[in-house]
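Novice: Residue strings, one per chain:
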Amino acid sequence: MQIKVGIPQAMLYHEFGGLWNIFFQNMGIPVVLSGETNKQILNRGTLLAMDESCLPLKVYLGHVDALLPECSHIFVPRIAQYHPNFHFCAKFAGLPDIVQNTFRLSSDQLISPNIEHKSPVKQLQALQDTCRSIGLSAVPGYFSYRHSLKSWKNNTSGNTLSKRSIAVIGHSYLVKDAFFCHDIMNMLTSRGIAVVTPEHVDNKALYAEAKIFEPDIYWQLSAKIAGAAHFFCRQRNVIGIIVLSSFACGPDSLMNEYITHHILKKSDKPYIIISIDEHTGSAGLMTRIEAFCDLVEWREKHESSLPSYGISEHTHCKNAQ
Amino acid sequence: MKVAYPHMGYLNIPIAKMLSDLKIETAEVPPISRKTIELGSLYSPEGVCLPYKINMGNFLEGIERGADALVTICGAGKCRMGFYNAVQKITLAEKKQLQFYTINTDSLFRDLHRFLCTAAPHAGSFSVIKSIVAAIQMLKAIDATNEAKNFYGARSANPEEIIHIFDNGLQLFRDCRKFSDISRSRNTVINQMQKITGPTEIQPAKVALLGEFYVLMEPHVNHRIENLLIKQGIEVKKFACTGDWVYSKTLLQTLGFYNEEKDCLSQARPYLNYHVGGEGLKSVGNALACARGGYDGVIHIYPFGCTPEIVAQYALKNIAADYHMPLLTLSLDEHSSDVGIITRVEAFADCIKRKAAQRI
Numbered sequence: 001m002q003i004k005v006g007i008p009q010a011m012l013y014h015e016f017g018g019l020w021n022i023f024f025q026n027m028g029i030p031v032v033l034s035g036e037t038n039k040q041i042l043n044r045g046t047l048l049a050m051d052e053s054c055l056p057l058k059v060y061l062g063h064v065d066a067l068l069p070e071c072s073h074i075f076v077p078r079i080a081q082y083h084p085n086f087h088f089c090a091k092f093a094g095l096p097d098i099v100q101n102t103f104r105l106s107s108d109q110l111i112s113p114n115i116e117h118k119s120p121v122k123q124l125q126a127l128q129d130t131c132r133s134i135g136l137s138a139v140p141g142y143f144s145y146r147h148s149l150k151s152w153k154n155n156t157s158g159n160t161l162s163k164r165s166i167a168v169i170g171h172s173y174l175v176k177d178a179f180f181c182h183d184i185m186n187m188l189t190s191r192g193i194a195v196v197t198p199e200h201v202d203n204k205a206l207y208a209e210a211k212i213f214e215p216d217i218y219w220q221l222s223a224k225i226a227g228a229a230h231f232f233c234r235q236r237n238v239i240g241i242i243v244l245s246s247f248a249c250g251p252d253s254l255m256n257e258y259i260t261h262h263i264l265k266k267s268d269k270p271y272i273i274i275s276i277d278e279h280t281g282s283a284g285l286m287t288r289i290e291a292f293c294d295l296v297e298w299r300e301k302h303e304s305s306l307p308s309y310g311i312s313e314h315t316h317c318k319n320a321q
Numbered sequence: 001m002k003v004a005y006p007h008m009g010y011l012n013i014p015i016a017k018m019l020s021d022l023k024i025e026t027a028e029v030p031p032i033s034r035k036t037i038e039l040g041s042l043y044s045p046e047g048v049c050l051p052y053k054i055n056m057g058n059f060l061e062g063i064e065r066g067a068d069a070l071v072t073i074c075g076a077g078k079c080r081m082g083f084y085n086a087v088q089k090i091t092l093a094e095k096k097q098l099q100f101y102t103i104n105t106d107s108l109f110r111d112l113h114r115f116l117c118t119a120a121p122h123a124g125s126f127s128v129i130k131s132i133v134a135a136i137q138m139l140k141a142i143d144a145t146n147e148a149k150n151f152y153g154a155r156s157a158n159p160e161e162i163i164h165i166f167d168n169g170l171q172l173f174r175d176c177r178k179f180s181d182i183s184r185s186r187n188t189v190i191n192q193m194q195k196i197t198g199p200t201e202i203q204p205a206k207v208a209l210l211g212e213f214y215v216l217m218e219p220h221v222n223h224r225i226e227n228l229l230i231k232q233g234i235e236v237k238k239f240a241c242t243g244d245w246v247y248s249k250t251l252l253q254t255l256g257f258y259n260e261e262k263d264c265l266s267q268a269r270p271y272l273n274y275h276v277g278g279e280g281l282k283s284v285g286n287a288l289a290c291a292r293g294g295y296d297g298v299i300h301i302y303p304f305g306c307t308p309e310i311v312a313q314y315a316l317k318n319i320a321a322d323y324h325m326p327l328l329t330l331s332l333d334e335h336s337s338d339v340g341i342i343t344r345v346e347a348f349a350d351c352i353k354r355k356a357a358q359r360i
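Residue numbers (the numbering used here), protein chains in the order written: chain V, 1 to 321; chain C, 1 to 360.
Calculated from the structure, these hints are not laboratory results. For every residue, glycine included, the Cβ atom is placed at its ideal position computed from N, Cα and C. Be aware that one or more of the hints could be misleading.
Among the chain C residues that face chain V by a calculated CB cut under 8 Å, a handful are [said to hold, decoys possible]:
1) Val48
2) Cys79
3) Arg80
4) Ala86
5) Val87
6) Leu272
7) Val276
8) Gly277
9) Pro308
10) Tyr314
Between beta-carbon pairs, the in silico distance windows are [said to hold, decoys possible]:
11) V:Ala283 with C:Gln171: 56 to 62 Å
12) V:Asn21 with C:Arg224: 51 to 57 Å
13) V:Gln235 with C:Arg110: 40 to 46 Å
14) C:Leu255 with V:Lys266: 42 to 48 Å
15) V:Ser106 with C:Ile342: 41 to 47 Å
16) V:Ser72 with C:Gly293: 34 to 40 Å
Modelling step: build the complete structure from the supplied sequences, incorporating the hints.
Specialist: In C-alpha cells:
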C-alpha cells in the first residue's frame, strides 16, 4: 500500500498542526486530514472512548477512526513536555498508547515520535523516529524540518484589537473547533460583536502574561489560558469574556477557580464560564450566551451612569494587583 | 502555631508522633467521615477529584479545632494534586488568616526537614532527622501488619477477629516511645494473628488491588475494600504502601539509588510506554505483572475523573482481555454509597472464587 499519513484534526493539531502539515508536504508525503469535527465523528469517538475520558479525547478517537480506512499511517505524536517549566496534561503523554489500545494498531501503522522537550537533541530524535516510521532518510528530513519550522513561525502573527469584541478563551482544541463554537460565534457576530481568541495574540506575549503566576501553573495550555485572560482583561475594546471549558477536563476543574479568583473577579469585565460536553443540543448554550450578551450590552450602555463607588472599588483592586 | 494536616490511611499515626516528639502543637483532625466529605464538597470546585474534596474537609475540620497552619503535599507527577494547594489557599484564606506549608514530594526529605525546622526552631537538626526516620520505620511496620492481616485474614475461619487484632494493634503503635517499641509492636500483632489462624498451606483465591494512591490508602474512602475481600476468603495484595513509598522517595531517591519510573516503565510495556503522571503507569505495570504472575483477578480503584487512571484504563481493558483476567473497575466520588460498592465487590468475589475453584 502506498504511504498516506493521516493527521487527526483534533487536540494538539490546533496548536502545532500547521507545522506538521508543512513538514509532511515538504517531504513529499501525501497527508490526509480528518477534517472538521462533525456529529458522526463525535458519536463514534464517544462510543470508542472510556466513559470518563474528557470530551476532546473522545473527539480525537473519532477523528482517528475516520482516518483509518484510507491511511497507511496515523500521526499521533507523544508531546509530554515542550517547555522546561511546563507540562502538558497527562493524556497527551499517553495519547499514542490510548490510540494503540483502542484500535489495536500494529506499531508500524502509528507514527508516534516522543517530544519530551524542545532541546535540539530531542527534536532530532523525534525527527529520526518520524522518518524511520515512513521509511525515509533522516538527513533530508532534517532540512525539511528546519525549513518548515521557519515558515510555520512566520505564519503566526499577532492581530490588533481595534473593534469592540468579546474574548472567547479556552483550550485551542475547543475554541478552534467549529463544531463546538459555531453557534457561539454566530450569535456574537449577529449582534455586531467581533470575537477575539487567544489565537489573535502572539504566543510569546501570552506566556509573558502568564509569568506572574509562574510558581503555580504548570500546565502549559492552562498557563496560556491564564495569560490570555489576563491580557484580555486589560484591553479596553474587549467588553466581555467567555471562558470555554470541557466537562471532565482535569486542569480546568482547578484552573477555572484559579482564574476566576485571580483575574476575572478583579477586572471590571463581565464574564461567564461555559462547560460543554458531548450532548449536542444547543438551546441551553444559546440561552446562556444570549443572556450574557444582554448583560454585556446593558453594561456598555450604562457604564457612564454606574455609581462611582463601583468603579472606585474596581480601581482599588487593579492597584492591589 | 497550631498545625493541621489531612488524613491519608494510617499516616496520621507516625505524623502525630513525629510532631509531638518535636513539641509542635497540633490540632487533631477528626477521622474522615460523611461530614468531612460533605463539608469538603461544599467548598470545592464541582469537577475536581475526590481527594481534593476530602483534603478540603480535613482542613476545614482542622480549622474548626483551632488550627492556624496547614501542611499539605504537592507535586505528585503531573497530576492535579500538584495544583491542589494553589486553589485550596484561595478558599481557605476567606475563612481565616492561615499559614500554608507545602511539601513537594519530589524533594520530600528536604522539604519535610525544612518544615520541621521552622515549626520546631528549638529542636536540633539531629532530632528532626531522627523523628523522620522513626516515622518511616513506623509506617513500614504498620504496612507489614496490614499485609499480615490480608494474608492470615483470608486463611482464617474467623477473619473478623484478625481485623479486630489489626485495629487494636494500631493503638500499640500510637503508644510507641523508642525505636525498639516499633518492631516489638509489629511482632506482637503479627504473632497474635498467626496464633489464631491455624495451618496456612492452602492458597485461597488471590486478588490484586491497584489504582490511585490516596484512594488505596484511605480505608474510609475505599469502603474498607480489603476487609470486604478477606471476609470473603480472598487474599488481597495492595500495590501501594506508604512506608515503602516514603522510604524510597526520601532516602533512596535523595541518594540516587532508586528510580521508580524506570522500573514501572519496563513492567508496563507494551501496553503503556510513557509516564502519564500520578499512578497511571504503575497501575498498568502492576496489573500486567499480576496477570502474568497467576493472580485470579484485579480490582482497579480510583477517584472519578482521575486523568492518569483513565489513561491506564485503556491499557487495563486490553490486558484483562488478553490474559483472560477478571477486572473490576471502581470509580469513586462523594456520592458512592457503601451498598453499591459492597454489592459489586461481592459479585466480583463470587466470580473470582469460581475461577479459582476451576483452577484447582
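Novice: Which earlier hints can't be squared with this structure?
Specialist: none
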